[in-house]
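**Student:** Listed below, chain by chain, are the residues.
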Amino acid sequence: MLLEIDNLTLRYGRIEALHGISITVGEGEIVALIGANGAGKTTTMRAVSGLRPVATGTVRFAGEDITNLRADLRVIRGICQSPEGRGIFPGMTVLENLDMGAYTRRDTAGIAADLDRVFGLFPRLAERRKQAGGTLSGGEQQMLAVGRALMARPKLLLLDEPSMGLAPMVIQQIFEIITEINQQGTTILLVEQNAQQALSRAHRAYVLETGKIVQEGTGQELLTDSRVRDAYLGVA
Amino acid sequence: MSDTEDLVSLPESEAPTRTDLLVVDHVTLRFGGVVALDDVSFEVRRGEILGLIGPNGAGKTTCFNAMTGVYRPTSGEVRFDGDRVSGRKPHQINRLGIARTFQNIRLFPEMTALENVMVGTDSQHFTSVPGALFRLYRKRPKPEELPVVDSHNGLVRAWQQTRLVFAKVFGISRHTLEERAGEQKALALLRFVGIADRANELARNLPYGYQRRLEIARALATEPKLLCLDEPAAGFNPAEKEQLLKLIRDIRDKGYTVLLIEHDMRLVMGVTDRIVVLEFGKKIAEGTPAEVRDNPKVIAAYLGVPADAS
Amino acid sequence: MKGIFVDFDALFGHLGQHTVDGLSKGSIYALVALGYTLVYGVLRLINFAHSEVFMIGTFTVVGTWSVLGATDSPAIGTVILLLLAGLVAAAAVSGATAVAVERVAYRRLRRMNAPPLIFLITAIGLSLVLSEAFGIWQGRLVKGMPTVIERSVLFTIGNTEVTNVQVITVLAALIMMFGLDVFINRTRYGRGVRAVAQDPDTAALMGVNKDRVIALIFLLGGLLAGAAALLYCVRYGNTRFNVGFVLGLKAFTAAVLGGIGNLRGALLGGLLLGVVEVYAATLTSSAWEDVAAFVVLVVVLLFRPTGLLGESLGRARA
Amino acid sequence: MTETLRQINERRRHVTGGIGERWRALPKWQRAIGILAFVGFLYYLPLLGIPGLTWFRTDSIPQGNNWAGVLFLCAIYVLVAFGLNIVIGLAGLLDLGYVGFFAVGAYSVALFGSTQSPVVEGLQNRFGLSQDWAVAWAICLPLAILLTMISGVLLGWPTLRLRGDYLAIVTLGFGEIIRIIARNSDWTGGPQGIAAIPGPQGAPSPDNEIFGLIDAKPWYWLVLSVVILMVFAVRRLENSRVGRAWLAIREDEDAAAVMGVSGFKFKLWAFAMGAALGGLSGFLFASRGGFIEPTQFSAQLSILFVAMVVAGGAGNMAGVALGAFLLAYLPERFRDFSQYRTLVFGAALVLVMLFAPQGLIPSRRRARELKDRAKEAPANV
Amino acid sequence: QDSGGDDNASGDGTCGGKIAIFGAFTGPNAGLVIPSLNGAKLAVKQHNAENANCQVTMQEFDTQGAAEQATPIANQVAQDQSFTSVIGGHFSGESKATMPTYEAAGLVMVSPSATATELTAAGNKSFHRVVGNDSTQGAAAAVYFKNTLKSQKVFVIDDGSTYGAGIASEVTKGLGSLVVQSDKVQTDQTNFDATISKVKAAQADAIAYAGYTNEAAPLLKQLRAAGVTAKFLGFDGLYDPAFPKGAGAGAEGAIVTCPCLPAAEAGGTFSADFEKEYGEAPGSYGAEGYDAAKVLLDGYKDGKTTRKELLDWVNAYDKQGVSKYIKFTDTGDVDPSKVVIWAYEIKGGAITPQSEIKLS
Ligand SMILES: Nc1ncnc2c1ncn2[C@@H]1O[C@H](COP(=O)(O)OP(=O)(O)OP(=O)(O)O)[C@@H](O)[C@H]1O
Ligand SMILES: Nc1ncnc2c1ncn2[C@@H]1O[C@H](COP(=O)(O)OP(=O)(O)OP(=O)(O)O)[C@@H](O)[C@H]1O
Ligand SMILES: [Mg+2]
Ligand SMILES: [Mg+2]
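Chains as they are written, first to last, in this note's numbering: chain Z, 1 to 236; chain A, 1001 to 1310; chain G, 2001 to 2318; chain X, 3001 to 3381; chain D, 4001 to 4360.
Simulated from the structure, these hints should not be mistaken for laboratory data. Nothing false has been slipped in among the hints.
Heads up, simulated DMTMM-like pairs for lysine to aspartate or glutamate below, C-alpha to C-alpha not over 25 Å straight-line:
#1 D:4125 to X:3132
#2 D:4308 to X:3207
#3 D:4125 to X:3209
#4 D:4200 to G:2072
#5 D:4347 to G:2072
#6 Z:155 to G:2201
#7 A:1297 to Z:127
#8 D:4347 to G:2150
#9 Z:212 to A:1197
#10 X:3028 to A:1179
#11 X:3028 to A:1145
#12 D:4308 to X:3209
#13 X:3217 to D:4080
#14 A:1089 to X:3253
#15 A:1254 to A:1242
#16 D:4319 to D:4050
#17 D:4018 to D:4273
#18 D:4173 to X:3186
#19 A:1089 to X:3251
#20 A:1225 to X:3254
#21 D:4231 to G:2072
One chain only, chain Z, in its complex shape (with noise of 0.2 Å):
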């Protein structure tokens, strides 16, 4: 197992966010958590990355215990996130966000080429390249949080939520890529609120209801699950 979360709790304040849950993702999947709004999605994500300390429970990373690892550690293990809300950062070009997901890489050669394969995936954001991060339009900055983190190269890729307010083609698009590079080797542990395309796409997928996980199951399964029909994929 490439990641493994076991029992875990996390609060915020007095709320307590999640309400000890495991999850596993093997190495090479493509695993799905699905849910309603403030179910925990994103939490559960943060624990991951290290950006909120955990109350309980543990985070182990190919086979190290990661619970209580600082966020850029993380990073350099493997972890890479593309945050919920998109995370650009405003003053710096587009150029400049990509770069900063190559941050903790040192082969230039590689990065050259990963950044050329990302304008390729998006030539919307070859065109803007020298444009600041922060006015871009809300669907191009998703494209360059995802685009970004793409050039970490990381082992294990969160994805919170890849097609929030991208339009229907591009978010066609996103699902094929996360297809594509999980194919080329990177597992994804991915959030979306498209529980059609996720579910379909996905080998395993969990779902969340506040904090806790309720079902569990590959993806085809959840897909023809009734209760998750009537819950998050809406009447047909």
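Starting from the known structure of chain Z, fit chains A, G, X and D with the ligands onto it as the hints suggest.
**Tutor:** For chains A, G, X and D with the ligands alone, coordinates are given in the frame of chain Z:
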């Protein structure tokens, strides 16, 4: 939701007429080399729900910004209900009757949900700062506005009684009355959008979906004639989108005119009366949902697949 | 005596001279301003204690020189030795002080995510502690020191005399500013600094060690303040326990004038402020130079609300 | 050392928190009685003779200072803190030049009320008035408030569009400009200052029985009464549409504007109100002292004012009052520290802020904000 | 710390009493005031030693030279009836701020060093000083410029303080057309380029500086570094060893005038006693501080114990002091004909007496 009917006061509840409420008239907006809006013209008619769609970076949010005074068009102008919008400050434009929500939620994070909405009611206050300080302008209260006398403790009761007499003789300051009315209205609006259960929680601690709805309630509190929603369903799952769809319909049914930016086609197709499509800052199509859906230009630029793409 | 009388002859008769004087005065502002701007750019807080970091630098120079037995106008070899020793010592001590300031006054608050106003007050408190400590230890009156570089006129243009000390201060300020600019804008580490400035959480997600970056900017600010302290000593040959207060305010004004958080802005603002002050002092009297400085500041901000060059390290707009 | 301090602070927070809760839990009439008793005590304070408590008097040490005189100064500072609290605590604008308003208030009464002021002398000559003509104190009062409000608006008009720290440095400049003008102009009396500033009973003279030169008690009572009045006034503002608008602007000015709240207007009002209070306190300060000179209005004083507000607990009137009281009182009570006073003061400021960052008596809202922020602080950062 | 003798030794109740002394005993200009305080302490100590049955206590109040600090102190002293006389204030501002209060309380003030001319002009009944005022010193400096330095073009600079602006206007008056130009600097200023270029442009051959050491030392240093060789003359505000130290080699030859006696010239054994007590020569106003105390102590010795008696006593005082012959005019100034103004020169980094400046 029935109890809100009388509290959410409506803008001249006229039947949808053909008259245009908002006119975007040949608006061009440049940022340095980027042409975000290129000679865009369209109008929003009273009582309708108009959808504004287009690929990422097409200029939709920029269009909102030009309408609400955040940016000034490079050329062209926006007219609202006969008044020029361009050149006015955001708060003045709000008083003309345009309210909006933001693509990246912008609530007042350290204020409670209720307080957030009450900020929206501010524009209905007539009391000025000295008025709030001295509270000299007093009105004869209606019976239901009088202080209640309900305590069993003699001392307290005496005090309440004094206040009652005082209010009867000297009236109650307009400020106090306005505050109370504002609070009632804010509560009603929270109930209307369905988040009254967490009215006293800080906005920053509300889940995402609640925050989105709170933004809508806050915008409604300013009693706009036109409500502009910028991707209200972003981050919602399909079930939640369904609820939102109902909410937007309810809003329209109350007589508001709505301008909606949204990428979720099911929502857009389900709720709008007409749709304007932008691409690269230019308007490429306009029409009913059915017309737009089948427009090859729109399909090529935006939808990708002919049918419902969600 | 008159209130304000304006003497245009005095100003325009020697405009070149006043400009040169102003530039050399302003370059010291600029160096100190860089320290404010760095910290402000990253943490969004006015590091009020930075003026004391500078002050301690000047006392370090005094101490080093007196240990080395400096005298007035020594031989050229000794001059270089004294300057180098002064620079190293002042930069080291100021840098260490700046890092210590961060440790003592800010780190705990940073961990608590306290609002900027709180930092301002601890900074003020710490600034009082440092300057008072020196006031008690070193006395409250000016402290003289040997004139290490004898002033001499390098060249004359028209009626403008340019001296060696002026050239040294301005050049030093320019070199250090550009060095810093390259470091922040061109290097990987500098990009890390800017990332922390704009969004600390996301920066951590990109693998940037926030604590190290913050310590680094304090250190850089301190080093520059140390260099400024040396230049100040060379130029003025005096220091005092409260030199930092006024100079710090001016330097901060300069940073704001140029666009706080913007390194080039700090340089521009510092030089401009120096020139404005000298002009104003010539036109009327030194008593009014601060008024002129602030009026210029207000006028500039009216037309460019984020300073001459705008903010750059920090959040741009959005 | 820090460990024990932290423990002390924890205990303090525990105790004060507990007191606060219990206090709020009391029935309204009991609270009213409590408040009345406290106010009564405040009026009794200059006579303080309760055994055991006399230790608090500033004249209980050999080189001590007049107790009522110090109380007067404390009360003045409390008034200043109230005014600055409107600007900083409520409207969220950092004003580092508040002393400017204090000075304008003080100079208003000095320039128009004193027979020795160049302005009055000018008026006398111009209109052929007698040598002891000057504007009456009672007229100087509204005049001072008016002038400070105008200066607040004049300062605010061009600068309030600026954000955060830009405003801070501009206001700081404003304070300095006021002082420099006062010091270098003839019509302000220049560095010599202005003497013979009147009080409620006219120009200072040994015959003034109540508001005289020697006994500071009546002056203290006067200012205390003003302070109490202002408590009501400021609370009214705070708990009104105005207070809410200030809060909204503090949080997100653009969003507030789009909701129809004019940021500029309310910020200007905050400035004007704050200025008026600053002017009022300057006015009272000058009347009491009978003499002012420009050095009394230094930038350091502005910074002290800000420290009072923040250390006390910005946004909370009880907090800023306590902050102001302590910052004025402690240096007087501990005169024996002589030249170490400022050093100790600075250290105390650092410690207070490090261990009680929300201030001594935080505003409940601010405390909540900070608690949330602290809890949320990212791990290991 | 109470100075001079113990409290309980007060004699038979018809003698002795309590003096309050106030001034800037801490703060940047404390160096100017401490010698005076020490002088006064010495006087009290000697008095108490000589008059076992007439013990006098002196209590210090530190104002840091600030008017707003001095005011509550004045209230304290005025209300505490055990205080029967006051030494102070040391600076003009604090004196001006507190004079009305002390007058109202009927307390006599004897100041060793507050020199502003206007202090005695307003007709205050309480204030006296044992030092010449600024107009005397200004006039003396003008005489010195004319007669000794033979200056033709004098550049007058002041620091905008109560003290500096006052004395600058006096010296300007005395010099008349010899003043070529003037300039103002400000407290804590460090860069004097503008002033220096004005001095250069005016081609002044002498500079009068009215202010304190903190600005004068760097100014002088920068003047010399910029090649200005004009003679530099300062007033008693610079009568402080820190001045030559701060200005370094540039200070050599600068003149400081002071209405205070060189230690060696002081009457009697004062200088020796002072040096024995404090291990250093009496600096600025040491002798004046001693005299101020002595005027009052003589009154106590004479059995004057009420505020009223002491006020009358001081008004009528007429006796040789260590710094000068002391006799007050109606306005409280020391008799102008008895005032001595000395010129000191900076030699080898020390302030050394040069000559007395004779006004006539
Ligand atoms: N900063 C915070 N402070 C306090 N509570 C918070 C904070 N962030 C999230 N919460 C609470 O934690 C719970 C989980 O939130 P989280 O953001 O993880 O949900 P989510 O599943 O990502 O929802 P969404 O789909 O809206 O993004 C919610 O109830 C939310 O109110
Ligand atoms: N301040 C600015 N400076 C430069 N370019 C800008 C600025 N604001 C917006 N733009 C550009 O203008 C274009 C239109 O942006 P806008 O935000 O209106 O897009 P949008 O239609 O709302 O897209 P999305 O659906 O992704 O939110 C984008 O390409 C954006 O990069
Ligand atoms: Mg989320
Ligand atoms: Mg958009």
